[in-house]
Every structure is written in C-alpha cells, then in structure tokens.
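Number of protein chains: 2
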Amino acid sequence: MLVSIMSEISRSSTRLDQYVDRYAARTKGMTASEIRALFAVASRPEVVSLAGGMPNISGLPLDIVGRAIGDLIKTNGPTAMQYGSGQGTPELREQICEIMRMEGIDAHPDDVVVTVGSQQAVDLVTRIFIDPGDVIICEAPSYVGALGVFRAYQADIVHVEMDEHGLVPELLEQAIAATKAAGRTIKFLYTIPNFHNPAGVTLSAERRPEILRICREADILILEDNPYGLLGFDGPPHRALRADEAEGVIYLGSFSKTFAPGFRVGWALAPHAVREKLVLAQESATLCPPAFSQMAISAYLEQHDWQGQIKQFREMYRERRDAMISALEDMMPASVRWNVPDGGFYVWLTLPPGIDSKAMLPRAVTARVAYVPGTAFYADGFGTSSMRLSFCYPTPERIREGVRRLAGVLEQEMELREMFGATGSIPTIARSRYDGPGTDMA
Amino acid sequence: MLVSIMSEISRSSTRLDQYVDRYAARTKGMTASEIRALFAVASRPEVVSLAGGMPNISGLPLDIVGRAIGDLIKTNGPTAMQYGSGQGTPELREQICEIMRMEGIDAHPDDVVVTVGSQQAVDLVTRIFIDPGDVIICEAPSYVGALGVFRAYQADIVHVEMDEHGLVPELLEQAIAATKAAGRTIKFLYTIPNFHNPAGVTLSAERRPEILRICREADILILEDNPYGLLGFDGPPHRALRADEAEGVIYLGSFSKTFAPGFRVGWALAPHAVREKLVLAQESATLCPPAFSQMAISAYLEQHDWQGQIKQFREMYRERRDAMISALEDMMPASVRWNVPDGGFYVWLTLPPGIDSKAMLPRAVTARVAYVPGTAFYADGFGTSSMRLSFCYPTPERIREGVRRLAGVLEQEMELREMFGATGSIPTIARSRYDGPGTDMA
Numbered sequence: 001m002l003v004s005i006m007s008e009i010s011r012s013s014t015r016l017d018q019y020v021d022r023y024a025a026r027t028k029g030m031t032a033s034e035i036r037a038l039f040a041v042a043s044r045p046e047v048v049s050l051a052g053g054m055p056n057i058s059g060l061p062l063d064i065v066g067r068a069i070g071d072l073i074k075t076n077g078p079t080a081m082q083y084g085s086g087q088g089t090p091e092l093r094e095q096i097c098e099i100m101r102m103e104g105i106d107a108h109p110d111d112v113v114v115t116v117g118s119q120q121a122v123d124l125v126t127r128i129f130i131d132p133g134d135v136i137i138c139e140a141p142s143y144v145g146a147l148g149v150f151r152a153y154q155a156d157i158v159h160v161e162m163d164e165h166g167l168v169p170e171l172l173e174q175a176i177a178a179t180k181a182a183g184r185t186i187k188f189l190y191t192i193p194n195f196h197n198p199a200g201v202t203l204s205a206e207r208r209p210e211i212l213r214i215c216r217e218a219d220i221l222i223l224e225d226n227p228y229g230l231l232g233f234d235g236p237p238h239r240a241l242r243a244d245e246a247e248g249v250i251y252l253g254s255f256s257k258t259f260a261p262g263f264r265v266g267w268a269l270a271p272h273a274v275r276e277k278l279v280l281a282q283e284s285a286t287l288c289p290p291a292f293s294q295m296a297i298s299a300y301l302e303q304h305d306w307q308g309q310i311k312q313f314r315e316m317y318r319e320r321r322d323a324m325i326s327a328l329e330d331m332m333p334a335s336v337r338w339n340v341p342d343g344g345f346y347v348w349l350t351l352p353p354g355i356d357s358k359a360m361l362p363r364a365v366t367a368r369v370a371y372v373p374g375t376a377f378y379a380d381g382f383g384t385s386s387m388r389l390s391f392c393y394p395t396p397e398r399i400r401e402g403v404r405r406l407a408g409v410l411e412q413e414m415e416l417r418e419m420f421g422a423t424g425s426i427p428t429i430a431r432s433r434y435d436g437p438g439t440d441m442a
Numbered sequence: 001m002l003v004s005i006m007s008e009i010s011r012s013s014t015r016l017d018q019y020v021d022r023y024a025a026r027t028k029g030m031t032a033s034e035i036r037a038l039f040a041v042a043s044r045p046e047v048v049s050l051a052g053g054m055p056n057i058s059g060l061p062l063d064i065v066g067r068a069i070g071d072l073i074k075t076n077g078p079t080a081m082q083y084g085s086g087q088g089t090p091e092l093r094e095q096i097c098e099i100m101r102m103e104g105i106d107a108h109p110d111d112v113v114v115t116v117g118s119q120q121a122v123d124l125v126t127r128i129f130i131d132p133g134d135v136i137i138c139e140a141p142s143y144v145g146a147l148g149v150f151r152a153y154q155a156d157i158v159h160v161e162m163d164e165h166g167l168v169p170e171l172l173e174q175a176i177a178a179t180k181a182a183g184r185t186i187k188f189l190y191t192i193p194n195f196h197n198p199a200g201v202t203l204s205a206e207r208r209p210e211i212l213r214i215c216r217e218a219d220i221l222i223l224e225d226n227p228y229g230l231l232g233f234d235g236p237p238h239r240a241l242r243a244d245e246a247e248g249v250i251y252l253g254s255f256s257k258t259f260a261p262g263f264r265v266g267w268a269l270a271p272h273a274v275r276e277k278l279v280l281a282q283e284s285a286t287l288c289p290p291a292f293s294q295m296a297i298s299a300y301l302e303q304h305d306w307q308g309q310i311k312q313f314r315e316m317y318r319e320r321r322d323a324m325i326s327a328l329e330d331m332m333p334a335s336v337r338w339n340v341p342d343g344g345f346y347v348w349l350t351l352p353p354g355i356d357s358k359a360m361l362p363r364a365v366t367a368r369v370a371y372v373p374g375t376a377f378y379a380d381g382f383g384t385s386s387m388r389l390s391f392c393y394p395t396p397e398r399i400r401e402g403v404r405r406l407a408g409v410l411e412q413e414m415e416l417r418e419m420f421g422a423t424g425s426i427p428t429i430a431r432s433r434y435d436g437p438g439t440d441m442a
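Protein sequence lines correspond, in order, to chains A and B.
Each residue of the first sequence is one higher than the last, beginning at 1 in UniProt numbering.
Each residue of the second sequence is one higher than the last, beginning at 1 in UniProt numbering.
For the record, the hints were derived by calculation from the structure and aren't laboratory data.
Take the hints with a grain of salt, since some may be wrong.
Which copy? The list can't say, so a pair holds if one copy fits it or any two copies do.
Unchecked claim - In silico SDA-like links for lysine to any residue, alpha-carbon gap of 25 Å or less: (1) 74 with 316; (2) 180 with 20; (3) 358 with 401; (4) 28 with 133; (5) 311 with 234; (6) 74 with 54; (7) 358 with 161; (8) 180 with 22; (9) 74 with 306; (10) 180 with 21; (11) 74 with 304.
Next up, chain A with everything else stripped away, as it sits in the complex:
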C-alpha cells in the first residue's frame, strides 16, 4: 500500500504537460521537493514521521486565543476584515520590535515589513536582489524552502561548510574570494545562526563578529533567518547578528514556531531603503498581508503570557530532543553519527559511507518511519549519506518507536551493503571544502 503510494508520487511528475513550452525559464527550476512527496505518505497515522517541521501547538490555550479573537471581531471587526497597509499593522510592528529586543536588536517599527510567514520574506528579499546567475552563499546543508526560492529566482548557490560551531569563517572567506575571482556577483549570505535547519548547530558567539566583518569587508549583505531563536534549551537567547550591524543585515523572524503557523505571519527587518523596496514587492505580491492574522496575533501577544508560553514550548521540545538523543544512543548502529542540538527542531544524522538515504527512503516508509534525505538540503547533489530527523511533532514515545524502526532499516541496509555492495549512488570522490557555484542550479 505505502509502496504503491510512493510509486504514484514519482509517476505524477512525468505526466504530459501541454504548456511545457510556454513556461518561464525560472519554472524549470520549480520541481516537487523530497519533503513535498513525503507529506502525502508520512501523514498516514501508522507512519512515525521524523520528516516534517510542524511545530507542536497542542499546548496553546485555545480558550484564551478564542476569547482574544472573539473580542477582536466584536471591537475591531471591520478593520480586521478590511485591506490593510502593505507594510503591516503599526501595532504588530511595534510588538515585533519588542520581541527582537530579546536578541539584542534595537529597531524601529518603521523598518519592519510583515510577511506571509518568513518564507515570503525569503521570497521578497530574493525577488528584489537576485538576477539570474547571481550567487547566494548558503550553509552546507541549508533550509530546503530557501533553496527552493533561490532556485525559482535562478540564483546559483555556493555552499560553505559548517562545523559544530556553525559556519566556518575561514571557509566563508575562501568561498567569497574564489567566487569573486571567478567574476561572479555575490548578492548575499543566507544563514540560520541559531538551532540550524537542518543541521541543528548554532553559530558560536566568538564567530559572530567575524562573520559580520567578513561580509562587511566583502560588501555582501547578510540574510539572517531566525525562526527558532527563542527556542533554545539552555540560557537566554543568542545575540542576533543584526544586533551589531544595522546596515548590512536583513533579519527574518516568524510567529510560526513561537505561536502558530496557521496565521502565516513572519517579518523582515531591513535597512530603510531596502524596506521601501520590500513594501513595494509585498504590495505587488499580495497588496497587503492579512490584517486579520496580524490583529489576531497582536491580541494574543497583548492578552496572554506569551513568554511563559514560549517557555512551555522550549521545555516540551527539550524533552523530545532528549527522547530522540537517548533513543539514537540506545539503538543506532555504531557507525551512525549525529549532533546534539541545544534548541530548535532538528538532529542531523550522518550515515556510514555507502548508505544512500534517498534510495533507502521507500524502505523506511515501508517500515513506517519517515525522514528527509540529506540531498534535499544541498543545491549540488551532496548529502546522500545524511538525513534530517525532526523531534518537534511526535510524542517522546513515538520518537523512540520511530528511531527503533529507522535503526532496523539501517541495519538491514548495512547488511545488504556488506553482502552486495552499495544500495544506491555513492559519491565516488570526496567533496572538496569549496566547490564553486553549483552548476545544477541554472
């Protein structure tokens, strides 16, 4: 049954399309991601999905949210249901500035643009800066949704490696130098400094000024994507890159993980001139973000102890992180490695050489466990021997059961590999630390 769904998914993409000659060049880069195909399968109840990045919002106080929104309709319904400003409501932009203050950011509401989730912020920033063939520097691996946007705008991606302290400054410098030497235009560095998706690592405090300096000297903007910043398991929030550099950084935030994603409210904080362009781009894209969503979030922030709620979220996610790490320690074959994230949603698994996580996926789903293969997070085909596991949504018990199933599949794969050789395509050469602009993005 599950296997037949998997083959259905791969079939649907080969359906005849009579419009194929009319699409824009950028449309050729729009293909269904691994995550997309997975959603259909992994949402079946018998499958433990360690694939999705859905926050667990079951702890939200529905009575309080319901009352706040009910009051909103009663007292302010005609405004909440009307068109609003393309930049977003002034009240929410002020609240956003308060939230960002927790990460050391001193910003004016006038420089904030509300977006339809921070995904749309990535889209709008890319729209105003990227011409086809421009280079965007990304961590290796990087967020699949951002890579999709960059591809849709025909950017070339240069990946730069991370280690356990996040992006490696020396490698960033080398990548910039090599890209510039090749005559390419670098428009920005896209980075997720905190509790990285998918890698789970955090950029160390020591490296932050270095990254800022490198980009300032190279005259490269930084796109700081920070959806998980308030979801650290230890200590206060990390200081944002934007806190120490107002002109060179565009900062992206989101309510999807600290409140709820169903309202689709995120934001960009940008230098003033860029903010003006972002508002024009937003007006062109949607006229304005939903007033109702924005005012609902404002009412929630005003009427609820939202910081206490985030604390609850943090504790819940820490418990699930712990469940996943202890299950991995108990059950994974010795040759599998992973990191221990101190916040966010994700653990990054590195498999023994020769195991192809993408080729293995149908067998894992048949064993009723799902994950995202590492290749989804690279623009250049790397990542075959890694995978992202998310601990955000399933209960600790289900996480443990999912890891048990995954360990079983991996053991089988490793046995097969010992008997018959590789299970799928294996990179035959080691990846160099810097590969130059990915040619498969054109």
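Starting from the known structure of chain A, fit chain B onto it as the hints suggest.
Below, chain B alone, put in the same frame as chain A:
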C-alpha cells in the same frame, strides 16, 4: 497641510539608497504607484476619497462571523493554526467550485489553488509564465495592481482598446497579429470581463465566444480576473469565459469583494498541469496560504446565508452607483463624459482635452476630494485625460459631496485652461488604436 503631505510623498522617493547598485533588474520597475501615494492623503477624514477600491463591509454580521470563528477555534483550533496544504484546504476548494458554478463553471476542487488574495494569483501565474520581454495583452485601461505585477516580472504590455461592450475582438486580433509579426512572444491575455476595474464596462455575451476563439487560434492563454462577477446590479451573473473553455483559461476569483479582504483569500482555477506549477510556486512563495483564513471563510460560507449577504452588497453598491451617476449628471461640466457601470465599484471619467488629471490631483486633494488619475491604468503613459472614480466605500451623501468638490475643481481648471492654456502635459498626437509593445516597461 494637505499640500505639504503631497510634497513629502514626492520627496521620499528621491531619498538616497546605498543599495541601488545591488538590486535585481526587476526591482527598477518597482516604483510607488499613484494609488499608493494617495492612500496616505486620501485616508484623512476631511477628504472624500473616490480613489480607493476598499469594499464596504460594514453590512457584515459581526455576531455571526464572531460565532463561526469562535466555534472554529474551539472545535478545530489546532488544525486552523497549523501549517496546511500549499494548494489550500479541500473543504474551501469545494466551496469555491460551488461558487464558480453560479457563473457556469464546472470544475473539480483538485484544479483550484487557494492564494493570498487574487493579487497573489496574478503574481504566481505571471511568475510561472513570464520571462523578461514576454508580451502580455491587457485591456486599455487595465487594473493597476496587475500592471504592477507584470512590470515586476519585466513583461511588455500591449494594450487593446475597449468600447462600451468591453474588449474589441477585431482590435485584439490586430494586436496579436502585429505583435507576432514583430517576432514577440505573447504569453497571455489578461482580462477583467465583468464590471471592469477601472473602466466599469462588461464584455458582452456576443463577444465572449469570439475572444475565446481568437485566443485559441493564436494559442494564447487567457487570464480571466473576476473579482466583481457576483456584484452585478441587474440579472444573474454573467457566464465566465472559463465556463466554455477549460484548457485555455486560467480563472481568478476572490472573497475580498463578496465577503471581506482582511483574510486575503483568493484563488486560481487552472488546467491541471498549470495547477501543479502554481502549487509549487505557492509553496516557494509562502509554504501555504493561511489555514486560519481559509477555515474562517469555510465556516462563514457554511453558517451564513452568504448569497443573501451578496444580494445586500449588490443593493448597497447599486444605490451608491446611482448616487454617483446622478451627482455627475447634476454637477459635472458638459464636456466631461462617463459610463454607467452595471456592477462593480468604478466609473471611468473622460475629461475635456487639455485637462491633465494627474497634474490636477494636488488641487483636487486641496479641495478635499481624491481620485485615481487615468495614467495609473496604462503601461504606456496614456490616460492623462481620464480618471477612475470609485463609489464603493463612501456613503451616497459623501459621494455627492465628493462629486460636487470635483466638479468645482474641474470648472476652475477649465477656466484656467481657457485663460492660460493647458494645465499640464497633453498628448500632442492622438493615440493610435494599437501602439505595439510598450517600451516604457523595460
């Protein structure tokens, strides 16, 4: 006071922008529209705004909406506040198909994509089809928000004239032939067949099969934008172009005018292969449209007599249309002409030769009345001697007062013109019926 605001607006666009060399080529086409600059001024209470296109939603039953959304949070909160499908919720897509049935459309929910207002549908369709330099055929005049999107994707616009029966088939054929003869690629015809924004006209039933035939034979898609289709003042809704041609038409609809714009929910109905691309583009743009907005609209449609509500809206708008037309008849100088729309929000005014509506705008705002100059609705600089008046938002009394003020300003302008010559730039040659791709769009 008002005059100083006007000059502030024009100053802000000349502010120094240190990022100017880094923007994408498309960003050069993103400039503040006349409508945008107007919003700041025309929203002051002493100004009668005949400029905006805000629907009047004061008639919505806030108690029913409040109860429906309250129940939604109680019974379905965790789903409504979670990420959803990139295509939109199945329930809403079914309801959308029921609504479209009123215009003769027989569609499957699987071919509907929910968007963040129908503005986003225009954006996503343009995104998947338009390469820089591709041609889009538009009515003359056309919707300012669509022209902005087309400009942002670096399309060239070819305008085709309308008469009182809408788009003129012979002129469409000529424009297609001339554009093809010039070696240009036409990607689609963008048309608003019903209660046109801004022209107020409706494509006649006789011409609809002709437009379909012309586009089918020329192998050009039709983008049928229909936000006002259910807001006709006489008789049943007009039959959609999409009702008679499933493969060649992408149909756009919206809840902004039949319910409320603050939820930002619109949709595209597209041929199956195009729908797949639209979903990918939507996922890249926002991951998914807001689940909360969609489920709120579903609850409203299910629990309220929404057709009765639309009937109320129609009657209210008809009363305002009547107020505007009778005020125009009573007060406008004899040389001013206008049409009488039988639905929608807008009247299109044609001024005597030599009166420049854009140059006159600051004087009108000083006299506390606002409108949108005709040039906003053309990609090629035409429209100087026309303007759009909207009757959707102000009360009949305010409409009459606004027309009175506008008539006063116009009379002064005409007197000045008689004494001193033109008030602004006048087109010195008559516009030919077909001008070729607009070169000012590059």
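Now the hints, each set against the structure:
1. 74 with 316: between (34 Å within a copy, 23 Å between copies)
2. 180 with 20: Between copies only: 20 Å across chains, 35 Å inside a chain, cut-off 25 Å.
3. 358 with 401: For residue 358 and residue 401, only the intra-copy Cα distance (21 Å) is at most 25 Å; the inter-copy one is 68 Å.
4. 28 with 133: both (15 Å within a copy, 18 Å between copies)
5. 311 with 234: within (11 Å within a copy, 58 Å between copies)
6. 74 with 54: between (31 Å within a copy, 20 Å between copies)
7. 358 with 161: within (21 Å within a copy, 55 Å between copies)
8. 180 with 22: Intra 34 Å, inter 15 Å, cutoff 25 Å: inter-copy only.
9. 74 with 306: both (23 Å within a copy, 19 Å between copies)
10. 180 with 21: For residue 180 and residue 21, only the inter-copy Cα distance (17 Å) is at most 25 Å; the intra-copy one is 35 Å.
11. 74 with 304: both (18 Å within a copy, 17 Å between copies)
Against the hints set out earlier in the document, no violation occurs for any number.
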